[in-house]
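Position chain B relative to chain A; hints supplied.
One-letter residues, chain by chain:
There are 2 protein chains.
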Amino acid sequence: MFDCIVIGSGPSGISAAIYLKRFGLDVLVIGKDYGTLSINTKIENYYGIESIDGVDLIKKGILQASNLGISVLEEEVVKIEMSDSFVVGTSINSYNAKTIFIATGMKRNSLNIKGLKELEGSGVSYCAVCDGFLYRKKRIGIIGSGDYMLSELEVLRRFSNDLVVFTNGEEVFDINEFKVIDKVISINKENDLIKVNTSSKSYEVNCLFVAAGMANGTSFARHLGLLTDEVGHLIVNDYMTNIPGIFAGGDAIGGVKQIVKAASDGCVAAYKIKDYIKGL
Amino acid sequence: MFDCIVIGSGPSGISAAIYLKRFGLDVLVIGKDYGTLSINTKIENYYGIESIDGVDLIKKGILQASNLGISVLEEEVVKIEMSDSFVVGTSINSYNAKTIFIATGMKRNSLNIKGLKELEGSGVSYCAVCDGFLYRKKRIGIIGSGDYMLSELEVLRRFSNDLVVFTNGEEVFDINEFKVIDKVISINKENDLIKVNTSSKSYEVNCLFVAAGMANGTSFARHLGLLTDEVGHLIVNDYMTNIPGIFAGGDAIGGVKQIVKAASDGCVAAYKIKDYIKGL
Chain A
350 MFDCIVIGSG PSGISAAIYL KRFGLDVLVI GKDYGTLSIN TKIENYYGIE
400 SIDGVDLIKK GILQASNLGI SVLEEEVVKI EMSDSFVVGT SINSYNAKTI
450 FIATGMKRNS LNIKGLKELE GSGVSYCAVC DGFLYRKKRI GIIGSGDYML
500 SELEVLRRFS NDLVVFTNGE EVFDINEFKV IDKVISINKE NDLIKVNTSS
550 KSYEVNCLFV AAGMANGTSF ARHLGLLTDE VGHLIVNDYM TNIPGIFAGG
600 DAIGGVKQIV KAASDGCVAA YKIKDYIKGL
Chain B
350 MFDCIVIGSG PSGISAAIYL KRFGLDVLVI GKDYGTLSIN TKIENYYGIE
400 SIDGVDLIKK GILQASNLGI SVLEEEVVKI EMSDSFVVGT SINSYNAKTI
450 FIATGMKRNS LNIKGLKELE GSGVSYCAVC DGFLYRKKRI GIIGSGDYML
500 SELEVLRRFS NDLVVFTNGE EVFDINEFKV IDKVISINKE NDLIKVNTSS
550 KSYEVNCLFV AAGMANGTSF ARHLGLLTDE VGHLIVNDYM TNIPGIFAGG
600 DAIGGVKQIV KAASDGCVAA YKIKDYIKGL
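These protein sequence lines are chains A and B, in that order. So for the first sequence, the working numbering puts the first residue at 350; every next one is plus one. So for the second sequence, the working numbering puts the first residue at 350; every next one is plus one.
This is chain A alone, in the form it adopts within the complex (with noise of 0.2 Å):
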């Protein structure tokens, strides 16, 4: 058992993790890709460091953390589930803490499908778990193709067995459902049907699940009930989100998205989740 799971290996998260070791308790971080600062090639305006590309600045905090003992597992996480403690799965295994600290940045591979955002909740969700039971044995469309997805449609696969998987463009292998590799352009709905448009044909289904991409803040936050505001930014008061034990920082928490403030959040958030695990 952890006292902390950070999400996320990027400024907040590293920064959380090398203050909660600091303070003597038990952290793990899971991270999973370079996120936003993998597309920035230069930083020029972090306080103490002159110029770096944003890459080795992620690498030189993982291997910070690393240097303090702190473990950083290079995994995917798919999921967060409450019971005693928090279980988070990876794609190959399931970690259980007292707190979690969400650092997974700002949302990523939103998709560019015309029509996706205005069926959002009339046919097109974003949590299997949250809405999978009011498709059962219907015809159950999921957009997606990494390893978010693949348990996504683990979930799926409970409430249906007529799936269709649309990979948008990417190839994905053993998987047994019907699969649409042709990038999807746009949806729309018609009698109560969601028609999914790819250049060269459409595709009819009763929903459409979206698994695009890592699981980041607001995939988390729907499914487990966390607060979001209107573009998706977890909502914290003093770090911590409406789920006691939960909290969020960094670009995932809104604010100026800019590397010294995600860096700061976790600080902070550090002093809070440490002052919460001695009221626990």
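Where hints are given, some of them may not hold.
[As the list claims (entries may be wrong)] Think about it this way: if two alpha-carbon atoms lie no more than 20 Å apart in a straight line, the pair counts; the simulated DMTMM-like pairs of lysine to aspartate or glutamate are:
(1) LYS463/B - ASP523/B
(2) LYS606/A - ASP624/B
(3) LYS528/A - GLU553/A
(4) LYS409/B - ASP402/A
(5) LYS621/B - ASP352/B
(6) LYS606/A - GLU393/A
(7) LYS606/A - ASP587/B
(8) LYS370/B - GLU393/A
(9) LYS408/A - GLU393/B
(10) LYS409/B - GLU393/A
(11) LYS370/A - GLU399/B
(12) LYS623/A - GLU393/B
(13) LYS606/A - ASP587/A
(14) LYS623/B - GLU393/A
(15) LYS370/A - GLU393/B
(16) LYS409/B - GLU399/A
(17) LYS409/A - GLU393/B
(18) LYS370/B - GLU399/A
(19) LYS408/A - GLU399/B
(20) LYS486/A - GLU503/A
For the record, the hints were derived by calculation from the structure and aren't laboratory data. Given the structure is predicted, the values throughout are model-derived calculations rather than measurements.
Chain B only, in chain A's frame:
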């Protein structure tokens, strides 16, 4: 006329200056010493830098700002005045700006003198401009030794020529007033007079002005009427003090006293300052 004068060349001040400069604003940094960080030997919890000496980090920050074309002056700010714009006076010069960012760190050089705290507001004052008039033509004591003391002394001369300067162990030249160089050990009040006691002797004054060490957030606050909390942190709302155009961040506004939080304050405050200037 600068867009912003940053007072303090530590993490918060320099980080603010970097962002302000990148927003295309004219910024001047005025900082006198290395503050709290000069006491820390090793810093090992700042994201992205595994280990660095406090003084080295400060120097690195100042160099980072200079390389961006930002002027960083090593002068001591002794007063801030308001007219059409803000006027920041140092011991050498004065500078005009549309906004001010106070990043002077935490209260330093607080005097360890028995009875001082108890007599605040009851004969002990931290602001010559505010309270000097109350003691006109009386015997006025002042305790301190640096440029800040000299600037407060200058103000007190307008109210009285019966002045006693307690240098508290430091030698101070070029003043004509009666001078006590012994270290002050305690003060107490007797018959409406303040008794200032050194190891060898006691001196009676009608009031005692404290102007020790550098002017910090607390002393600026008292001069300008900025609101502070009970421990002297400047009270801000979105980094702006109760005086429009005067912003503050870092240790001066409280919260966790960590470098990354101070640097983040500078960054986020810079956004607020930019927006404020745009609205002028």
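Query raised in the report: Are there hints from earlier that the structure breaks, and if so, what are their numbers?
Result: 1
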